[in-house]
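Build out the structure end to end from the sequences listed, making use of the hints.
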Amino acid sequence: MTAVRPATAGSVADLVRACSPESLSRRFTLGGPIDPEAVLSRYRRFLLAGTALVAEVSGVPAGLLNAVPEDDRRVELGLLVADGWQRQGIGRGLVRLAAEQWRGWTLHATVQEGNVAADGLLRACGFRFVPGYGGENEYELTVTEETLDDGTAGARPDGLQRCAVAAYARPERHRNARGSSACRGAAGVAAALLPGR
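Using this note's numbering, read the sequence shown as starting at 38 and increasing by one per residue.
Keep in mind that a hint or two might mislead.
Said to hold, decoys possible - The following label-pair restraints were derived from C-beta to C-beta distances: (1) Ser78 with Glu182: 40 to 48 Å; (2) Thr181 with Glu107: 32 to 40 Å; (3) Gly171 with Glu59: 15 to 23 Å.
Quick caveat, the hints were computed from the structure, so don't treat them as lab data. Ideal placement from N, C-alpha and C gives every residue a C-beta, glycine not left out.
The structure is reproduced here in structure tokens:
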């Protein structure tokens, strides 16, 4: 069984250390294989930005979602799934959770060119490709009731289409998200079911 909880410095560190240098290089733009300690040193505060949630399998961090609200009802998504849990539905479940919470907003994500897994995940979740800058692909999805009802936002082929949205705090969760005091989720969050192993 998988639970979703607010990310902590410890859970993020455990997740990053469970990722191979190749996986980290696909997520971060430092060039070439990246050591997990270098990622933590350089990006730790960004890994806790916005609404930061960790999907855990049997108490072990398996995936991380960052949702950072911007102007014009846009939310920037960041996603990282540990190597051992890729292609297990963790990423789709986290995208679905974001879509459920940010109805009426446009979710967007930036992916390095050549990151076939992330491109495929976003396309399968209903995101559309939009022109980006050299070396990056941009994707976006405007979340509507139809998007959620037709199952494109994070749907799984096995029919699992819902994650408990209790993992998000009340609407004030994104207050000050652009400032230094960006919210990191609420304490005492209820567990949310994601695809089990």
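To see whether the hints hold, each was checked on the structure:
no., hint, verdict
1, Ser78 with Glu182: 40 to 48 Å, "holds (42 Å)"
2, Thr181 with Glu107: 32 to 40 Å, "violated (19 Å)"
3, Gly171 with Glu59: 15 to 23 Å, "holds (22 Å)"
Of the numbered hints listed earlier, the single one contradicted by the structure is hint 2.
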